[in-house]
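Participant: Listed below are the residues making up each chain.
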Amino acid sequence: MAPKIKALIMEARDMDRALTRIAHEILERNKGIQDLVLIGIKSRGEVLAERLAAKIKAIEGTAVPFGAMDITFYRDDAGTHKPEKAPSPTDLPFDVNKKKVVLVDDVLFTGRSARAAIDQIIDFGRPTSIQYAVLVDRGHREFPIHADYVGKNIPSSSKEKVLVHVKEKDGKDEVAIAEAEEKE
Amino acid sequence: MTWKSKDLLTLEELSAAEITHILDTASSFKEVSTRSVKKVPALRGRTVVLFFHEPSTRTRISFELAAKRLSADILNVQTASSSLVKGETLIDTLKTLESMTIDALVVRHKSSGVPQMLANITKATVINAGDGSHEHPTQGLLDLLTIREHKGKIEGLTVTIVGDITHSRVARSDIRALNKLGAKVRVCAPPTLIPMGIEKMGVEVFHDLDKALSGTDVVYVLRLQLERQKNNLFPTIREYSMMYGVNNERLKRAKKDAIVMHPGPMNRGVEISSGVADGPASVIDEQVTNGVAVRMAVLYLLQGESNEKPS
Chain U
1050 MAPKIKALIM
1060 EARDMDRALT
1070 RIAHEILERN
1080 KGIQDLVLIG
1090 IKSRGEVLAE
1100 RLAAKIKAIE
1110 GTAVPFGAMD
1120 ITFYRDDAGT
1130 HKPEKAPSPT
1140 DLPFDVNKKK
1150 VVLVDDVLFT
1160 GRSARAAIDQ
1170 IIDFGRPTSI
1180 QYAVLVDRGH
1190 REFPIHADYV
1200 GKNIPSSSKE
1210 KVLVHVKEKD
1220 GKDEVAIAEA
1230 EEKE
Chain S
-6 MTWKSKDLLT
4 LEELSAAEIT
14 HILDTASSFK
24 EVSTRSVKKV
34 PALRGRTVVL
44 FFHEPSTRTR
54 ISFELAAKRL
64 SADILNVQTA
74 SSSLVKGETL
84 IDTLKTLESM
94 TIDALVVRHK
104 SSGVPQMLAN
114 ITKATVINAG
124 DGSHEHPTQG
134 LLDLLTIREH
144 KGKIEGLTVT
154 IVGDITHSRV
164 ARSDIRALNK
174 LGAKVRVCAP
184 PTLIPMGIEK
194 MGVEVFHDLD
204 KALSGTDVVY
214 VLRLQLERQK
224 NNLFPTIREY
234 SMMYGVNNER
244 LKRAKKDAIV
254 MHPGPMNRGV
264 EISSGVADGP
274 ASVIDEQVTN
284 GVAVRMAVLY
294 LLQGESNEKP
304 S
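Residue numbers (this note's numbering), protein chains in the order written: chain U, 1050 to 1233; chain S, -6 to 304.
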């Protein structure tokens, strides 16, 4: 059963403005694109990382490398929880050593995905720094993790679902809050 | 897809969707083996026992590497160096292992059905690494992954399996999985090496290699089990090689873009010529690479479900 939408939080142009702002913030904080790389957490973080890379290129005139990571095998419940979908390969077309990595994801919730992503990056090398950009921060952290760049803070109940749709995967750009799904 | 079974005993018991899910998962694991740190923490703290009662190099090493790349701990128990030589039964050995709390058991045995028997009495995950002439499911899966990578799909392909079908667990796993995913399977060998009633598995039987290879997408050459030669199933190795050995001349009858596979170890110059084995159509090395990825996927998918049932 599809979850019931309670409220539409962001439309396509809101998402685009938020990403434009984040692109500027990343450039401001890192003083340009020297050693900068973007890594999206699959699957929607990958799309957002690609869009941020395009925006940064439009602003600075130079492309910034971006890659995508599947964190399934690094999840803290990897031993007991199997996702419905088969994981997809990690694709990092650059060396992370001595890079300023910006990790990109759609929603920051418990912080567990970020922990898994950071662990995986460390297995690939030793970056100078790891920063964290998310389109939506919905609160309810379980780990000591915070985002450096946030598109929008959305206070939510831990039982609600925050749905991020991107047109590359879902046919439309939008962020919505949905009713909690019934537990099986 | 959620995984229901705790074991992988045969490909017969899997659905097409389950097989595809394993192959998709294996594709992701393949990338892990290309990293400089070839390890992910998915099975950290789990204990995998490699319980091999028949000589094996590549399957055992492949499973061992797969488990190590998932961060599991490995125990190797082999017949020659275990209490089995002191007369302990297989079941007692298993109970001993189980008392030390193991999570998964990878079993190779010369008798068909041993993994099933062990799976019925243990809570641990049991993975069949080849039982008698019954099945070798992970070999079947790695073969399918290799075919899919080259042909983009399995459905509609014609696959010709050449060699000793009677004694081949590889052939049985391949035939079952290929049929489920919609490929047409031909088998080709002298009548003494083809079991009665094999047509019921959904294959077309050939005794003439040239006809069997005609228009085929995949040529799968089985190892001639030379140790069986004393049963007089074929007159001489030389005659077998002349009639059923795959060489470049005979390969011309297959499709231009046909691939050649072999589960190893090869008897060069018997069932396959060096020209074919090392030629452009050969994907034998890729089969070995895919073996590790497929075994990582199987270990990963099966582990956990047995210990923690969803509430």
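Honestly, the hints are just simulated from the structure, not real lab data. Please note that the accuracy of each hint is not assured.
[Unchecked claim] The calculated DSS-like cross-link candidates involving lysine-lysine, where the alpha carbons are at most 27 Å apart (straight line), are: (1) U/Lys1147 to S/Lys31; (2) S/Lys116 to S/Lys79; (3) U/Lys1218 to S/Lys61; (4) S/Lys(-3) to U/Lys1147; (5) S/Lys61 to U/Lys1134; (6) U/Lys1134 to S/Lys(-3); (7) U/Lys1134 to S/Lys144; (8) U/Lys1147 to U/Lys1134; (9) U/Lys1080 to U/Lys1134; (10) S/Lys32 to U/Lys1134.
Participant: Within 27 Å, alpha carbon to alpha carbon, are U/Lys1080 and U/Lys1134?
Facilitator: violated, 39 Å
Participant: Has the given pair, S/Lys116 with S/Lys79, been kept, meaning a C-alpha gap of at most 27 Å?
Facilitator: holds, 26 Å
Participant: Sort out whether U/Lys1147 lies within 27 Å of S/Lys(-3), counting only the CA atoms.
Facilitator: Violated - the C-alpha atoms of U/Lys1147 and S/Lys(-3) are around 44 Å apart, more than 27 Å.
Participant: Holds or violated: U/Lys1134 with S/Lys(-3), Cα cutoff 27 Å?
Facilitator: holds, 15 Å
Participant: Check the hint pairing U/Lys1147 with U/Lys1134 against an upper bound of 27 Å on the C-alpha distance.
Facilitator: violated, 33 Å
Participant: Starting from U/Lys1218, check that the Cα of S/Lys61 is at most 27 Å away, please.
Facilitator: Not OK: U/Lys1218 and S/Lys61 at ~35 Å, beyond 27 Å, violated.
Participant: If you draw a straight line from the CA of S/Lys61 to the CA of U/Lys1134, is it 27 Å or shorter?
Facilitator: Given pair S/Lys61, U/Lys1134 holds - Cα atoms ~24 Å apart, limit 27 Å.
Participant: Is the Cα-Cα distance between U/Lys1134 and S/Lys144 27 Å or less?
Facilitator: Judged against 27 Å, a Cα distance of about 23 Å means the pair holds.
Participant: So if I understand the rule, the pair passes when the alpha-carbon distance is 27 Å or less; does U/Lys1147 with S/Lys31 pass?
Facilitator: Within the cut-off at roughly 20 Å; holds.
Participant: Given the proposed pairing of S/Lys32 with U/Lys1134, does the C-alpha separation stay at or below 27 Å?
Facilitator: holds, 21 Å
In this structure, the hints that do not hold are numbers 3, 4, 8, 9, in rising order.
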